[in-house]
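> Number 40 in our numbering belongs to position 38 of the sequence shown; there are no gaps in the numbering.
Derived from the structure by calculation, the hints contain no laboratory data. Certain hints may be false.
[What the hints assert, rightly or not] Derived Cβ-Cβ restraints for the label pairs, each shown as a range: (1) D164 to G30: 15 to 23 Å; (2) S31 to K146: 35 to 43 Å; (3) D227 to L257: 17 to 25 Å; (4) V102 to E190: 34 to 42 Å; (5) S162 to E37: 15 to 23 Å; (6) S31 to D119: 31 to 39 Å; (7) T186 to T87: 38 to 46 Å; (8) E37 to K208: 31 to 39 Å; (9) D94 to T229: 32 to 40 Å; (10) G104 to K42: 25 to 33 Å.
Heads up, the beta-carbon is just placed ideally off N, CA and C, and yes, glycines get one too.
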Amino acid sequence: MSRNLIEQTLVQGTLVCLFAVSGFADGGSIDPSQEAWYAKYKSQQNAPKPEEMLLNTDPEPDLTEGFRDLFNGNDLTGWSPKGGTCKFEAKDGVLVGTVVPGSPSTYLSTDKTDFKDFVFTCEMKWEVDGNSGVMFRAQTKPGKNGETVFGPQAEMEGISGDRFWNGGIYGQSCGGYFYPVWLTEHKEARAALDREGWNRLTISAKGNVIKTWVNGVPVAHWVDDGTYAQGFFGLQIHKGAKGIVHWKGIRVKEL
Numbered sequence: 003m004s005r006n007l008i009e010q011t012l013v014q015g016t017l018v019c020l021f022a023v024s025g026f027a028d029g030g031s032i033d034p035s036q037e038a039w040y041a042k043y044k045s046q047q048n049a050p051k052p053e054e055m056l057l058n059t060d061p062e063p064d065l066t067e068g069f070r071d072l073f074n075g076n077d078l079t080g081w082s083p084k085g086g087t088c089k090f091e092a093k094d095g096v097l098v099g100t101v102v103p104g105s106p107s108t109y110l111s112t113d114k115t116d117f118k119d120f121v122f123t124c125e126m127k128w129e130v131d132g133n134s135g136v137m138f139r140a141q142t143k144p145g146k147n148g149e150t151v152f153g154p155q156a157e158m159e160g161i162s163g164d165r166f167w168n169g170g171i172y173g174q175s176c177g178g179y180f181y182p183v184w185l186t187e188h189k190e191a192r193a194a195l196d197r198e199g200w201n202r203l204t205i206s207a208k209g210n211v212i213k214t215w216v217n218g219v220p221v222a223h224w225v226d227d228g229t230y231a232q233g234f235f236g237l238q239i240h241k242g243a244k245g246i247v248h249w250k251g252i253r254v255k256e257l
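Required output: the full structure, derived from the provided sequences and hints.
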């Protein structure tokens, strides 16, 4: 049921109360189709209680004004791979990421590392199925085999399987799902992906409030605790035997 909510948000070390925030709604119950996934993931460090989850009821932000391109369509200027050796290249105005078997998950990451509040959007399509997603406010830390990328990721898990958590928010290398798409109320969100064509992913980050949309359908509404206040964007090619993902229209509007 929709209601006004007092949300406590940590902004630059100061506790701020935001009153009567639009787009807030209580969570609900696990969808019967998601019971097995709930059983598998409910014990993760970040896993929320279903009844405490917030719903994204907002329309997708206007994407027509104030944006700048992050990908120039010709080469990878402004981007660098992190975490692995999967292949990224520009082809005919499209950014293409390809699995390299044996490589860890790889993130083509913006050289700019201090994105804070923003609306980010891109389009994605799968040539060969494979897990993917977009890191945002991401960071790095030393790992066993080099640099590890960690932080929140808008999940775009691919075109097969029966989970349908595209647009959910995963805590990459930091405790698992912050926002799984497992509620009965997420039925439309789970059906939003076009498995043959292009898919628009939009991420809004304002203070600690993060929301996502897939093809204009609201998905996630997650409130961070202030841990991930800024960072870089990273396009994921997940480790595996195969997978080819295309991106275009990669744009950001900083707020």
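> Each hint should be assessed against the structure and marked as holding or not.
Now the hints, each set against the structure:
Against the hinted window of 15 to 23 Å, the Cβ-Cβ separation of D164 and G30 comes to about 21 Å, which satisfies the hint. For the pair S31 and K146, the supplied restraint of 35 to 43 Å holds, since their beta-carbon distance comes to about 39 Å. A hinted range of 17 to 25 Å for the beta carbons of D227 and L257 is consistent with their spacing of about 20 Å. As the Cβ distance of V102 to E190 is approximately 36 Å, the hint placing it in 34 to 42 Å holds.
In this structure, S162 and E37 meet the distance hint of 15 to 23 Å, their C-beta atoms being roughly 20 Å apart. About 32 Å separates the C-beta atoms of S31 and D119, a value consistent with the hinted range of 31 to 39 Å. Against the hinted window of 38 to 46 Å, the Cβ-Cβ separation of T186 and T87 comes to about 41 Å, which satisfies the hint. One distance hint, 31 to 39 Å for the beta-carbon pair E37 and K208, holds here, with the actual separation near 33 Å.
As the Cβ distance of D94 to T229 is approximately 39 Å, the hint placing it in 32 to 40 Å holds. For the hinted restraint 25 to 33 Å between G104 and K42, the CB-CB distance of approximately 26 Å keeps it satisfied.
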